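> Sequence:
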Amino acid sequence: MAEVHEQFAVRPFPELTGLGLRLRAWDAESDADVAAYLRGLTDPEFRRWNTPLRPVHGIDDARRSLRARLAGAADGSAVSFCVTDAEGGAALGHIGLNEIDHVMSCARVGYWVLPEARGRAVATRALTLAARYGFTGLALNRLDLGHAVGHAVSCRVAERCGFRAEGTLRGAMFEEGRRDAFRDVHLHGRVRSDPEPAPAE
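To convert, take the position in the sequence shown, counting from 1, and add 2; that gives our numbering.
Calculated directly from the structure, the hints in this document are not laboratory data.
Please read all numbers here as calculations on a predicted model, not as lab measurements.
We put the beta carbon where it would ideally sit given N, CA and C, even for glycine.
A couple of the hints might just be wrong.
Unchecked claim - Label pairs and their computed distance ranges (CB to CB):
1) P199 - A88: 19 to 29 angstroms
2) D33 - V193: 18 to 28 angstroms
3) A37 - E17: 13 to 23 angstroms
4) D62 - T138: 29 to 39 angstroms
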């Protein structure tokens with residue numbers, strides 16, 4: 003697959019700023035970045051709604067996972083951002099454009115926010131910036147966003163950012179903490195011609 007994407011390698015890695023946020027590359031060699039990433043992926047609220055394909059249990063797992071994310075940018079298959087506060091630089095969460103398909107001009111969006119940053123529209127603001135980059139910087143036509151049915155917060159984030167509800171995918175993601183049982187996914191989508199909603203401040 004790398005051969006397909008090499009011409010689309012993300013170089014240099016973009017830095018997105020606006021709406022009080024700075025989206026930058028994760029640094030797999032930074033202890034602070036790795037610790038923040040590990041906290042995000044082991045947070046009980048994250049685990050309630052997401053069961054990663056490759057479990058991340060400790061610092062070594064987190065560092066390997068971040069290195070794999072950086073490799074995605076190198077081969078053009080994904081772009082993963084550390085979401086930070088524009089003023090102080092504190093890590094607030096993660097957002098990524100994943101499974102980029104340059105033939106069909108689409109990608110899947112995924113994000114999470116650290117516990118201490120919740121309730122401040124961080125996900126909404128980060129998704130606004132990332133979607134803008136996907137449509138303009140990467141020239142994609144469509145972005146998919148899926149979340150477990152029942153995850154009302156993620157549903158509201160999607161809707162605020164112009165991702166229309168498009169239906170339910172049955173049995174499309176793992177149940178909480180399991181890989182032998184599945185749950186339904188609420189699918190949202192946005193295409194380049196859709197108007198961008200007024201930004202959340």
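> Hints first: check each against the structure and report whether it holds.
The hints, checked one at a time:
The supplied range of 19 to 29 angstroms is met by P199 and A88, whose beta-carbon atoms lie about 20 angstroms from each other. Separation of D33 from V193 is about 40 angstroms and departs from the stated range, judged on CB atoms against 18 to 28 angstroms. For A37 paired with E17, a C-beta distance near 21 angstroms keeps the hint of 13 to 23 angstroms intact. Our hint of 29 to 39 angstroms for D62 and T138 holds, since their Cβ atoms are close to 37 angstroms apart.
Comparing the model with each earlier hint shows a violation of hint 2 alone; every other hint is respected.
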